[in-house]
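S.K.: So the sequence lines, in the order shown, correspond to chains A and B. Position one of the first sequence corresponds to residue 0 (numbering that gives the first Met the number 0), numbered consecutively onward. Position one of the second sequence corresponds to residue 0 (numbering that gives the first Met the number 0), numbered consecutively onward.
Treat the hints with caution; some may be incorrect.
Pairwise CB distance ranges, derived in the manner of DEER restraints [as the list claims (entries may be wrong)]:
#, chain 1, residue 1, chain 2, residue 2, range
1, A, A69, B, V652, 33 to 43 Å
2, B, F669, A, F94, 15 to 25 Å
3, B, D631, A, L82, 26 to 36 Å
4, B, V672, A, T66, 44 to 54 Å
5, B, G666, A, E87, 43 to 53 Å
6, B, V674, A, V46, 26 to 36 Å
7, A, R86, B, G651, 38 to 48 Å
8, A, T12, B, G677, 12 to 22 Å
9, A, L78, B, A644, 30 to 40 Å
10, A, L23, B, D631, 50 to 60 Å
11, B, V639, A, L23, 47 to 57 Å
12, B, A643, A, L82, 29 to 39 Å
These are computed hints drawn from the structure, not numbers from a lab. C-beta atoms are modelled at their ideal positions from N, C-alpha and C, and glycine is treated no differently.
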Amino acid sequence: MIPLSHYLILSATLFTIGAVGVFLRKNLITILLSVEIMLNAVNLTFVAFGRFAGDLDGQIITFFVMTVAAAEAAVGLALVIGLFRHRESLNPDAFTSLKW
Amino acid sequence: MLALIPLLPFAGFLVNATLGRRLPKSVSGGLASLVMLASFVISVMSVMQIAGRPVEERAIQEVLYTWIASGDLKIDVTFRVDTLSAVMILVITGIGSLIHIYSTAYMHDEVDSEFARYFSYLNLFASFMLVLVLGSNFPLMFVGWEGVGLCSYLLIGFWFKKKSANDAGKKAFIVNRVGDYAFILGMLAIFAKFGTLDFQGVASAVAAMPAETGFGILSLATLLLFIGATGKSAQIPLYTWLPDAMEGPTPVSALIHAATMVTAGVYMIGRNAVLFSHAPETLTIVAVIGALTALMAGTIGLVQNDIKRVLAYSTVSQLGYMFLAMGVGAFGAGIFHLYTHAFFKACLFLGSGAVIHALHGEQDIRNMGGLKKELPITYWTFLIAAIAIAGVFPLSGFFSKDEILFETFVEGHKLLWTIGALTALLTATYMFRLVFLTFHGERRQDAPVAADAHGHASDHSHGHSSDDSHRHATAPSHGHGSSSHLHDAPPAMALALIVLAIGSVAAGWIGIPHAIGGHNELATWLAPSFSAPSVAGEAAEAGAEGEAGAEADHAALELTLMGVSLTLAVAGIAFAYFVWVKRRRIADNMVREFPGLHRLLLNKYYVDELYDATIVQPIKAASTEGLWRWFDVRVIDGAVNGAAAIVDGSAGVLRRLQSGSVRAYAGSLFVGVVVILGYYLWR
Numbered sequence: 000m001i002p003l004s005h006y007l008i009l010s011a012t013l014f015t016i017g018a019v020g021v022f023l024r025k026n027l028i029t030i031l032l033s034v035e036i037m038l039n040a041v042n043l044t045f046v047a048f049g050r051f052a053g054d055l056d057g058q059i060i061t062f063f064v065m066t067v068a069a070a071e072a073a074v075g076l077a078l079v080i081g082l083f084r085h086r087e088s089l090n091p092d093a094f095t096s097l098k099w
Numbered sequence: 000m001l002a003l004i005p006l007l008p009f010a011g012f013l014v015n016a017t018l019g020r021r022l023p024k025s026v027s028g029g030l031a032s033l034v035m036l037a038s039f040v041i042s043v044m045s046v047m048q049i050a051g052r053p054v055e056e057r058a059i060q061e062v063l064y065t066w067i068a069s070g071d072l073k074i075d076v077t078f079r080v081d082t083l084s085a086v087m088i089l090v091i092t093g094i095g096s097l098i099h100i101y102s103t104a105y106m107h108d109e110v111d112s113e114f115a116r117y118f119s120y121l122n123l124f125a126s127f128m129l130v131l132v133l134g135s136n137f138p139l140m141f142v143g144w145e146g147v148g149l150c151s152y153l154l155i156g157f158w159f160k161k162k163s164a165n166d167a168g169k170k171a172f173i174v175n176r177v178g179d180y181a182f183i184l185g186m187l188a189i190f191a192k193f194g195t196l197d198f199q200g201v202a203s204a205v206a207a208m209p210a211e212t213g214f215g216i217l218s219l220a221t222l223l224l225f226i227g228a229t230g231k232s233a234q235i236p237l238y239t240w241l242p243d244a245m246e247g248p249t250p251v252s253a254l255i256h257a258a259t260m261v262t263a264g265v266y267m268i269g270r271n272a273v274l275f276s277h278a279p280e281t282l283t284i285v286a287v288i289g290a291l292t293a294l295m296a297g298t299i300g301l302v303q304n305d306i307k308r309v310l311a312y313s314t315v316s317q318l319g320y321m322f323l324a325m326g327v328g329a330f331g332a333g334i335f336h337l338y339t340h341a342f343f344k345a346c347l348f349l350g351s352g353a354v355i356h357a358l359h360g361e362q363d364i365r366n367m368g369g370l371k372k373e374l375p376i377t378y379w380t381f382l383i384a385a386i387a388i389a390g391v392f393p394l395s396g397f398f399s400k401d402e403i404l405f406e407t408f409v410e411g412h413k414l415l416w417t418i419g420a421l422t423a424l425l426t427a428t429y430m431f432r433l434v435f436l437t438f439h440g441e442r443r444q445d446a447p448v449a450a451d452a453h454g455h456a457s458d459h460s461h462g463h464s465s466d467d468s469h470r471h472a473t474a475p476s477h478g479h480g481s482s483s484h485l486h487d488a489p490p491a492m493a494l495a496l497i498v499l500a501i502g503s504v505a506a507g508w509i510g511i512p513h514a515i516g517g518h519n520e521l522a523t524w525l526a527p528s529f530s531a532p533s534v535a536g537e538a539a540e541a542g543a544e545g546e547a548g549a550e551a552d553h554a555a556l557e558l559t560l561m562g563v564s565l566t567l568a569v570a571g572i573a574f575a576y577f578v579w580v581k582r583r584r585i586a587d588n589m590v591r592e593f594p595g596l597h598r599l600l601l602n603k604y605y606v607d608e609l610y611d612a613t614i615v616q617p618i619k620a621a622s623t624e625g626l627w628r629w630f631d632v633r634v635i636d637g638a639v640n641g642a643a644a645i646v647d648g649s650a651g652v653l654r655r656l657q658s659g660s661v662r663a664y665a666g667s668l669f670v671g672v673v674v675i676l677g678y679y680l681w682r
């Protein structure tokens with residue numbers, strides 16, 4: 000059987016890829032996708048812990064996360080479309096007017 | 000029933016203050032006079048009631064309700080008529096009624112709403128003044144004391160569109176505040192010492208103590224009370240407001256600034272006679288201040304040119320006499336002079352009002368003269384009152400002034416007696432200067448106004464809307480001596496003048512001294528009020544007997560002194576006649592020969608200037624530089640602006656964190672989470 004550490008390493012790798020994507024990519028849609036990757040990395044951790052603990056809690060919380068992620072994606076995309084209409088750009092650096 | 004005495008005028012005030020502007024003059028003025036008359040009738044009934052009782056029971060007390068009850072302090076709203084307040088309520092309501100009636104004619108040129116406002120103030124004043132004299136404890140007296148101060152302010156500034164009237168009102172109010180502050184401190188000292196503020200309670204507590212020898216708590220308390228009295232009764236050093244108070248309508252000067260309110264200080268000392276007589280140090284101060292004020296005001300009165308100001312200084316001077324009497328322990332004599340003074344001074348003021356009324360606002364006596372023929376009623380009543388104030392036998396002023404001088408002499412204050420006698424001479428002189436310049440000789444025009452130390456506009460001109468034009472139009476006709484258009488006092492004014500003139504003659508007859516065959520009923524009547532309640536009856540009898548014995552010893556002395564003061568009065572009148580009627584040149588020559596002295600007197604010893612330089616200007620400078628420019632601008636505004644500056648500065652640093660870059664926010668969020676998690680994992 001594949002040990003728990005393998006799941007966790009994969010999950011950490013995915014989370015890091017997602018985080019780096021959020022910080023470095025210059026496209027809002029890609030950033031949203033990176034956030035989804037991070038969410039799924041966390042989901043994988045939950046499921047893995049649940050499997051090794053022998054109960055269903057990990058899977059239940061994963062369903063919650065997926066539900067919230069779906070809603071978040073819908074709202075996020077709507078915001079991105081709104082922002083694009085406003086500035087004709089998807090570069091997050093174009094949206095810095097909310098500062099002092 | 001006692002409560003009705005002040006409540007009736009108060010009701011009149013309420014009606015005139017609320018509905019007055021809708022009422023015609025006859026209704027508002029009539030109502031105001033009617034409530035005063037009703038109050039007078041009730042006062043007479045109350046006095047009759049106590050007069051019918053044996054000496055030791057001559058007081059009615061009426062507790063209305065408990066006003067303040069806190070620990071040891073219990074203050075009732077209690078009205079009390081005893082022999083002293085009986086005299087006062089009769090003077091206030093009696094003379095007050097006459098002045099109300101007089102005012103209905105004098106103020107008739109005002110528009111309806113102003114007319115009603117005037118009468119509402121006048122009624123309110125009467126109401127407070129009655130509370131002052133009827134209140135049976137210090138706080139209730141103080142309510143009246145402050146209330147009359149307020150009404151004085153309102154009535155001095157009645158013509159509030161005129162700046163000088165407004166200033167005079169404020170001056171009166173502020174100068175009185177100084178005295179009132181001392182009065183409150185005096186009340187506190189008395190409460191601290193005796194634990195009660197009731198006049199009767201204080202008197203019986205004091206009576207059980209020996210008289211104070213040094214300067215102790217009693218002297219301190221009475222001195223503070225006396226400072227309060229100097230403010231209200233215009234004595235040195237707080238007298239300066241009274242001459243300026245002449246900016247008010249003339250009947251107001253008669254009622255408030257001559258007959259009633261300014262005597263409140265004298266009444267207060269009389270009310271606390273037992274307390275004051277246990278503080279000889281204070282009594283000496285009272286007597287000296289009184290004598291000095293009498294002399295100083297008398298000398299100023301000698302050179303003033305405004306008819307009302309001469310009378311104002313005369314009032315200050317006569318009040319000085321009353322305080323002199325109080326100070327030498329002759330409380331009865333002081334109240335006697337208060338009572339006779341109310342008649343002749345009210346008569347003089349109302350007479351001057353009639354002159355001003357007839358001359359359409361002229362107040363400068365250099366522009367008068369020769370009014371004797373055209374204003375006969377005014378002339379004769381004014382003359383009678385002037386003879387009374389000068390102290391000629393057998394008019395009222397003679398008896399009261401003589402009693403004061405006699406008592407002063409007998410108590411051993413020879414120097415004060417000399418000052419008093421000198422003032423009597425001055426009184427006769429300046430009063431008859433006024434009479435001769437106003438009513439005798441030829442009518443004069445266009446006096447050099449520039450020489451006037453205070454170019455005050457006439458008070459009455461406000462009453463006449465068409466005044467100036469009228470005066471200019473008729474001015475040439477005066478030059479030809481045909482001033483037949485002058486009107487003597489209308490009936491309402493004439494009535495008041497005549498009644499007061501009769502009073503000026505006869506009021507003194509209830510205090511004819513034993514030396515010339517009288518019984519001095521007033522002194523006997525008042526005696527119970529000046530001794531402690533428990534021994535009041537015995538003291539009255541003992542006092543009367545003792546006085547009778549003393550009178551016999553002193554009869555010869557008293558007759559001599561009477562002769563002296565009568566001589567002085569006649570000499571003063573004769574001197575005035577000689578200088579201002581026979582040899583007008585002498586007066587001018589004296590002015591030319593002593594220009595310094597004349598200027599000093601004309602400018603009232605520069606006391607106003609002195610106060611301005613030593614008190615008003617420093618306070619103004621301290622307020623401007625210290626309170627405004629430093630404390631308000633630097634400290635208060637500085638604290639507010641400083642708080643804003645601190646927030647602004649720190650925000651200037653912090654706001655650099657808000658770059659607007661989403662990724663920078665996400666980065667700081669990420670770092671934060673890592674740091675927090677790391678802390679919990681590796682701690």
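S.K.: Broken hints, numbered, in rising order?
M.R.: 3, 4, 5 and 7
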